[in-house]
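Trainee: Got chain A sorted already, so can you dock chain B onto it with the hints?
Sequence lines, in order, name chains A and B. When the letters of the first sequence are read in order and numbered with this note's numbering, they come out as residues 3 to 134. When the letters of the second sequence are read in order and numbered with this note's numbering, they come out as residues 3 to 392.
Since the hints were made in silico from the structure, they are not lab data. Remember, predicted model here, so these are calculated numbers, not experimental data. Ideal placement from N, C-alpha and C gives every residue a C-beta, glycine not left out. Please note: incorrect hints may appear among the correct ones.
[What the hints assert, rightly or not] Listed below are the simulated DSBU-like cross-link pairs for lysine-lysine, each with C-alpha atoms no more than 35 angstroms apart in a straight line:
1. A:K74 - B:K133
2. B:K280 - A:K128
3. B:K306 - B:K280
4. B:K133 - A:K128
5. B:K306 - A:K123
[Unchecked claim] With beta-carbon atoms standing in for the labels, derived distance ranges:
6. B:M49 - A:T121: 46 to 56 angstroms
7. B:T78 - A:G79: 14 to 24 angstroms
8. A:Q113 - B:D281: 46 to 56 angstroms
9. A:G79 - B:Q105: 54 to 64 angstroms
10. B:K280 - A:E102: 43 to 53 angstroms
11. A:A117 - B:K280: 32 to 42 angstroms
12. A:D87 - B:A125: 29 to 39 angstroms
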Amino acid sequence: MPQLTAAPPAGPQKHYHDQLAQGRFQIQRCQACAQAVFYPRMICPHCGSDRLDWITPSGLGTVYSTTVVRRKAEHGGDYNVALVDLEEGVRMMSRVEGIEPAAVAIGMAVQAYVADAGTDKLVVFKAIGDRA
Amino acid sequence: MIDPKLRGAAAVVGVGHAGLGEAHGYTEMEILVQAAHSAVADAGLTMRDIDGIATASVASTMWAMPVIEHLGIRPTFIDNTMIGGSSFVAHLMPALQALASGQCNAVLVCYGSTQRTSTLNRAEIGNARRKLDPQPYETPYNPLSPLSSYALAAARHMHQYGTTREQLAEVAVAARKWAQLNPEAYMRDPLSIDDVLSSRMVSDPLTVRDSCLVTDGAGAYVLVRADRARDLPHPPVYVLGSSTACWNRQISSMDDLTVTAASQSGAIAFDMAGMQPKDIDVVELYDAFTINPILFLEDLGFCKKGEGGPYVSGGALAPGGRLAVNTNGGGLSCVHPGMYGMFITIEAVRQLRGQCGQRQVANAQTALVHGNGGTLSSQSTAILGTQAAL
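Here chain A stands alone, though its shape is the one from the complex (with noise of 0.2 angstroms):
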């Protein structure tokens, strides 16, 4: 009989969380095709392989995407949601903090950070100059 491994002690979904949780932002990179992989899953979307690992990206991005949900100043007012390119190669939807929301542009240098977002943690992005 083949000597059981120990289980990993979660699937990808709770890892991202769990690490989110402690302030740290992973994504999955692929051994078999070395392409970066996100959001977090068990197989490679590119090659098909199950050996999946968690690095640690840079957090540098480029905007890829941007829009201004307009919502009532009562309601807490207009807010950003963008497409975000990792330099690692993967795209994830997030927003940027800390200017205008109509000021987020498509081609802004963008550095990733772990935000507080109520009782949970998010990724989230602050400009870092126009690199266009």
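Mentor: Structure of chain B alone, referenced to chain A:
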């Protein structure tokens, strides 16, 4: 490659709808059954002839079962495929295969929604879906679902190709002009480019007038094999091409926001039909938002990638323009009960039968129907034609 024998092997022989606009006092099942009953009668058949069913619901995952109960049928072909608003275009290919193989003899495709008048409002459905069908890497950022996803695609198209808000507005204005020729359309007031540009911004660059309606409505159509279709009351509308594609669910998982899976479904459907865009007389595109027809005209090959904005300009899609697009007024101005793919199919059939009154496209022999589902996620293309196009 799809078996060439499937081209034209089946035809739409009946269509029906019910409860368009507001269906006060009715459930979505009730208007669905009204539409189904009407479509079966239009086909010159009775419900006893129906031995295949295809349907889908926004809320109910096992929707085919209560539909079968309400219709009182015992089908040998059941398709409950739910891939959003394109579902009722996507239902064509499995139905075609089931008919061609002899699994069944008459397929009823049907849908109904009372999202406008229902006491269960869209916010409640949205909250339930967030629990049952989570998107944990998008939901925390509160995009309007689905509107902000389309806004992100529009913003990227504008950035990459110089598409303008005026060009987006052209799509809404053309749809309204068709709606003004359609007594069944929900919104028929005049609408100008300036009206669209000055309407309430929802999620930049999309305004409320860049967005589809929220209405009630039910629709149904009946498919039989071509040999049988010729003996029924209406001229058959043959299925010449059909293909469905899905590359992702979430907008953040889409490789290129300016290229949809319609580029795959369209190519396969055209190949099956042995046609090209220049062969199409009437085009019915799922216009959930004004960016959609621009993306689909590009991805389906009516113009080059990036040229959709200039292509739709100057009233090009309106009555009398370069291409007859969304001749019922579209989801933007005619009807949009949650999943609109049913209604583009019905409109194409009616155009090919020559039943469209003031909005009839002269001598229409071929139609392209293109459904979209989710957030530019599923794409389904069908090419329909009259006897002359076989």
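Trainee: Each of the hints needs a verdict: does it hold here or not?
Mentor: Here's how the hints hold up against the structure:
no., hint, in the structure
1, A:K74 - B:K133, "holds (26 angstroms)"
2, B:K280 - A:K128, "violated (48 angstroms)"
3, B:K306 - B:K280, "holds (13 angstroms)"
4, B:K133 - A:K128, "holds (30 angstroms)"
5, B:K306 - A:K123, "violated (43 angstroms)"
6, B:M49 - A:T121: 46 to 56 angstroms, "holds (54 angstroms)"
7, B:T78 - A:G79: 14 to 24 angstroms, "violated (57 angstroms)"
8, A:Q113 - B:D281: 46 to 56 angstroms, "holds (52 angstroms)"
9, A:G79 - B:Q105: 54 to 64 angstroms, "holds (56 angstroms)"
10, B:K280 - A:E102: 43 to 53 angstroms, "holds (47 angstroms)"
11, A:A117 - B:K280: 32 to 42 angstroms, "violated (53 angstroms)"
12, A:D87 - B:A125: 29 to 39 angstroms, "holds (32 angstroms)"
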